[in-house]
Amino acid sequence: MIKTITLILSLGITSLAFAATSSMVQAPTNSVAVTINKSIVNNLIVLYSQPTASSSVVGQFQSQDNLIAFYQQGDWYKAGDPKTGQVGWFNINQYNTVVGKAISPQINSYFFTVQQLNGSPQIIAYKDGKQLSDQQALALYNQTQQQIQQAQAQWQKQMIAFQQQMLALQQQISDLVKANQSLFNFPPPALVAPEKPLPVATKLNPNNKVKLLKQ
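If you want our numbering, it's the position in the sequence shown, counting the first as 1, plus 7.
Hints are supplied without guarantee of correctness; some may be wrong.
Each pair of labels, with its calculated beta carbon distance range [as the list claims (entries may be wrong)]:
#: 1; residue 1: 135; residue 2: 173; range: 43 to 49 Å
#: 2; residue 1: 131; residue 2: 161; range: 26 to 32 Å
#: 3; residue 1: 143; residue 2: 104; range: 30 to 36 Å
#: 4; residue 1: 171; residue 2: 116; range: 35 to 41 Å
#: 5; residue 1: 56; residue 2: 90; range: 38 to 44 Å
#: 6; residue 1: 51; residue 2: 182; range: 57 to 63 Å
#: 7; residue 1: 131; residue 2: 157; range: 21 to 27 Å
#: 8; residue 1: 88; residue 2: 183; range: 33 to 39 Å
#: 9; residue 1: 107; residue 2: 160; range: 36 to 42 Å
#: 10; residue 1: 169; residue 2: 90; range: 32 to 38 Å
#: 11; residue 1: 63; residue 2: 120; range: 52 to 58 Å
Calculated directly from the structure, the hints in this document are not laboratory data.
Positions of the beta carbon are idealized from the N, C-alpha and C atoms, including for glycine.
From just these sequences and the hints, can you work out the full model?
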C-alpha cells in the first residue's frame, strides 16, 4: 500500500515598506536639502570622502539612519548625517542597487511528496520547481517536521497558560463572592418594645355638650 502525503510550503519575505524614492532621477542642486530615508535591511550605503569609489570610505549607514543630501555632482550626492555631523559622498547607482535588493521579495516554494511503502518513507522534494537530491529532501523534510512540532508545542503551551488564567480568574471571583456575602445578606432589623405604652386616643361622645366659660 502506498500512502502519499503532499505538502506545499511557501516561505519568503514580504516586500519591505520603503519610504524613500526608489529612483532618484532629479536631485537638488546647490543648497536645497532633501532627506533620504533608507528602508534597507542587511545592506549598507557607503559614504566616500570624494565623489569617486577609489576614495576612502568615511562612513556606512544602516537602514534606520537618515542622510541629508545637499549637493549633486553627476551621479554623486554630497550628504551629511544630522546625528554625527559626518559628511561624505554616495553614488546614486550604488544606492539604487542596494535599495532594489532590499525591497525585492524573496520567495521560496517547496513541494513535498512522501510515499510510505512497507513502512519505509520515500521523500521527493522540489524547491522553486527544481527537484532536490534525496539527502536534501530528507533534511528539508525533517526541518519542516521539526518546525511543525515546535509550532504545535507552542500552541499547546499557550492553551495551557490560557486555561490556567481562566481557572485563576474563576477562583478570584469565587473568593470575592465569599468575602462579600455579608453585604448581600443583611440580618433582619430587631423590634424593640417601648418602655411605656403609648397613650390611646379617647373617642368623643357626640351627646356630651361642652360649655364655654365666659371671661
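Taking the hints in turn, this is what the structure says about them:
Our hint of 43 to 49 Å for residue 135 and residue 173 holds, since their Cβ atoms are close to 45 Å apart. At about 29 Å, the CB distance of residue 131 to residue 161 agrees with the hint of 26 to 32 Å. Between residue 143 and residue 104 the C-beta distance comes to about 31 Å, which sits within the given range of 30 to 36 Å. Taking 35 to 41 Å as the suggested C-beta distance range, the pair residue 171 and residue 116 conforms, at roughly 39 Å.
Distance hint for residue 56 and residue 90: a CB-CB separation of about 19 Å, inconsistent with the stated range 38 to 44 Å. Roughly 59 Å separates the CB atoms of residue 51 and residue 182, a value that falls within the hinted 57 to 63 Å. At roughly 24 Å, the beta carbons of residue 131 and residue 157 sit within the given window of 21 to 27 Å. In this structure the hint that residue 88 and residue 183 lie 33 to 39 Å apart at CB is violated, the actual value being about 58 Å.
Hint check: residue 107 to residue 160, Cβ distance near 39 Å, so the stated range 36 to 42 Å holds. Hint check: residue 169 to residue 90, Cβ distance near 44 Å, so the stated range 32 to 38 Å is violated. Between residue 63 and residue 120 the Cβ separation comes to about 55 Å, which falls inside the hinted range of 52 to 58 Å.
This entry does not satisfy hints 5, 8, 10, going by the numbered hints stated previously.
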